[in-house]
Amino acid sequence: MRREGSAFQGLGAVVLKELSDHLSSVRMRVLEWLVVLVAIAALWGAIQQIKETTAEDPFLFLRLFTTSREPLPSFVSFISFLVPLMAIGLGFDAVNGEYNRRTLSRILSQPIYRDALLFGKFIAGLVTLAISLITLWLLVVGLGLVLVGIPPGAEEISRSFLLLVVTIIYAGVWLALAMLFSVVFRSAATAALVTLGLWLFITFIWPVLAGAVAQIIAPPDPRYIALGLQTPATVQLEQFLARLSPSTLFGEVVVALLDPTTRSLGPIYLSQMQGAVLGAPLPVGESMLIAWPQTVGMIATAILLFVIGYVVFQRQEVRA
Amino acid sequence: MSGDSVIEANGLTKTYGRATAVDHISFSVERGEVFGLLGPNGAGKTTTILMLLGLTEISGGEVRVLGFNPARQPLAVKRRVGYLPDTVGFYDNLTAADNLRYTARLIGFKAVDREKRIATALEQVGLSDFADKRVGTFSRGMRQRLGLAEILMKGAQIAILDEPTSGLDPHATTELLAIIRGFKAEGVSVLLSSHLLERVQSVCDRVALFSGGHIALMGTVAELGRAVLGGGFVVDIEADGAGLVDRLALIPGVSGVEKTGIGKLRLHADRDVRPEAAAEVVAMQGRLKYLGVQEPSLDAIYTRYFATRPDEEMPMKEGSRHAA
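As given, the protein sequences belong to chains H and U, one line each in that order.
Heads up, this note's numbering is the position in the first sequence plus 32, with the first residue counted as 1.
Heads up, this note's numbering is the position in the second sequence plus 32, with the first residue counted as 1.
Just so you know, these hints were derived from the structure itself, not from any lab.
Please note: incorrect hints may appear among the correct ones.
Claimed, not checked - If you want a taste of the chain U side facing chain H, the calculated C-beta under 7 Å gives, among others:
{"no.": "1", "residue": "L87"}
{"no.": "2", "residue": "Q105"}
{"no.": "3", "residue": "V120"}
{"no.": "4", "residue": "R137"}
To be verified - Sample of chain U residues at the chain H side, in silico, Cβ under 8 Å:
{"no.": "5", "residue": "F59"}
{"no.": "6", "residue": "T78"}
{"no.": "7", "residue": "L107"}
{"no.": "8", "residue": "A108"}
{"no.": "9", "residue": "Y115"}
{"no.": "10", "residue": "T119"}
{"no.": "11", "residue": "F122"}
{"no.": "12", "residue": "T135"}
{"no.": "13", "residue": "L138"}
{"no.": "14", "residue": "L323"}
Given the structure is predicted, the values throughout are model-derived calculations rather than measurements.
Every residue gets a Cβ at the ideal spot worked out from N, C-alpha and C, and that includes glycine.
Just chain H, with the same shape it has in the complex:
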C-alpha cells in the first residue's frame, strides 16, 4: 500500500515555525547565555594556562579547546556537558507540548502527514543547535586569534571544524532522545525529568558501572594481575560497554581530533606499535579515520532514536 502525496508536504512550514519559536524563546536565550559565558570562562582559563606553560607546541591552537586551569574544566568538557542540556532543553516538550496546548489534532487535520511534523521539529531543533554551536565556534576561534596571537594553520582549523561537526551530531543524538521521550510521555515535566535522568546515568554513572560490570562478567586473569597488566578480555568488555554511551563516543572522537598524536582509541598490543614513531602527529584524515567508527555510531544512535520516536508517534492516538 502506497500513501498518496509526499511525506514532506508542509515540512518547510513546520521547520520555519519551530525555528522562529526556538530562536525567540526565553528558554533558548537562557541556554545561549549559559553556553557563551561558560565558554568564555573556560577559554580564558585555557589562555592563561597556555601563556604560562606551553611555548613550543605545534598545535597550540588546539590546546585552546583542551587545556584546563583549575578550578574550571576545559572547553571541550564544558561542551560535552552543556550540549546535551541544550538539546534536551529544546526537545523535551516537542510533541507533548503540542498535545497539552491541544494544537496537535488541529495541526494534524491539515493536509500533512505526521512525518512532516516530527521531522520538521527535529530539523528545526538541530538547526537551532547548529546556529548556537557555530556562533560559539567562531567566538572561540576569534578570541583565540586575538588573545593568543598565533594564527592557526589549515590543519588546526580543519581539526577544530571537524570537532564542530561532530558536536552538532552529538547534539542530534540528545535531541532525538529528548524528542523520543516527548512522544512517549504525555507530560512535559515527566519527559524532561526522564531525559535528564537518563543523561546523568549515561554520562556519569555508566562509565563507572561499565568497569564494574566488566569485572563481574569477565573477571581479570590472576596471571595478568601478577604481571601488573590488564586482562585483555576484561578491558575489551569494559570498553564495549562504555561505548554504548554516546558520551563515551563523543569523548573518544574529541581525543582523536584534538590530539593529533592519538593512534588508537582502544588497547593495542605492543606488536601493533612496531615501527611507529611515538609522539609524532597524524594527518587530519588519519585522525578522522580513527574516530570514524565512533562518529558513525553517534549518527546511527541519533537515527535509531528518531525512528523509534517516529514509530511510536505514528501509532499514537491524537485525541485530546
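Assemble the complex: chain H is given as a structure, and chain U must be docked to it using the hints.
Below, chain U without anything else, positioned relative to chain H:
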C-alpha cells in the same frame, strides 16, 4: 444512499484491544446538510470523527469522504475537510493572524492568496479587530470562533465540529451557532457532535443518537420524536372551569388528561388539538390563560429513549479515554 452525499460510512468499526468504541455504524451526510452526532461522553462520537479524518485507524467497515478513502488518501480528505477539535488549542504566543498563517502555510496556500483568505475568514467570524492580538488573551468563545475561521480560510467543503458549544456561555453559543448556520448557507456540509442537545437541535437538519458505539436513532428531530415519544402531541392548558377535565377528555384524538398544577392541565393526543381545546374552554365560559403545544425536543427524546433502555445508558467502555 443518495448520490449527493459527502460522507458515507458503512459498517464503520473501531476497536481498542477487546473494547469496541464504535460498532458497525452506518450513516451518510448530504451536501449542504447540518448533521448532528449526539450522545453521552464516550459514546464513540469523537472516534468516529477521527476515523473520518484518517487520524485514527479504521478497524472495520468502509467510509468515503467526498469520494476519498481517509485511510488511503488522508491528504486529499484533509485538504477538503475542516476540523474543529474538542476544546481547540492555538499557539498562545502567536497572534490570531499568525496562527492562521501557520495553518495556511501547512495547507500550502500562496502568499498573496493567504493574506486575503485570512482577512476574509477573520471578518466572517467577527475577529477582524483581534487579528493582531495574541491568542493567549482570547476567551474560550473567541478561540472557538478562531477555529471556525480556520475552517473558513481553508475553504473546506465539509466542516467537522467536535463539541463546538461545550463550555461556552449562552451569548457565545448563539454567536457560534449563527456562524454554523452561515456554513450551511454557503453550501458547506457540517457534521457536528455534541452532548448539549437543546442548543444543537436548532441547527441540525438530521441527527444520529449515539449510544455505546451504536447509532441508536437517526433522522430529523421530528422523525425521532415520532419514533420515541410515540408520535404523540402534548398540549398544555392553563384555564379554569368546572368539569373541564371531562370535557377535554372527550375531544376526539385525546388519549389522556392529567393535572399538572392548580388550573393546569396536560393533554396527550395523537394530533394538535389546540383549536378544539380552546373551543371547549371558551364554550364553558372558562378563562383561557395559556395554551401551548410541546415541540418534540431532543432532550425529551433522549431522556425517554435512554429511560426505556437503561442498560445502554451505562458509562461507555472507552469513557476513560474521553476524560483525558
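Outcome of the hint check:
{"no.": "1", "hint": "L87", "verdict": "holds, 5 Å"}
{"no.": "2", "hint": "Q105", "verdict": "holds, 5 Å"}
{"no.": "3", "hint": "V120", "verdict": "holds, 6 Å"}
{"no.": "4", "hint": "R137", "verdict": "holds, 4 Å"}
{"no.": "5", "hint": "F59", "verdict": "violated, 20 Å"}
{"no.": "6", "hint": "T78", "verdict": "holds, 6 Å"}
{"no.": "7", "hint": "L107", "verdict": "holds, 4 Å"}
{"no.": "8", "hint": "A108", "verdict": "holds, 7 Å"}
{"no.": "9", "hint": "Y115", "verdict": "holds, 4 Å"}
{"no.": "10", "hint": "T119", "verdict": "holds, 6 Å"}
{"no.": "11", "hint": "F122", "verdict": "holds, 6 Å"}
{"no.": "12", "hint": "T135", "verdict": "holds, 6 Å"}
{"no.": "13", "hint": "L138", "verdict": "holds, 4 Å"}
{"no.": "14", "hint": "L323", "verdict": "violated, 48 Å"}
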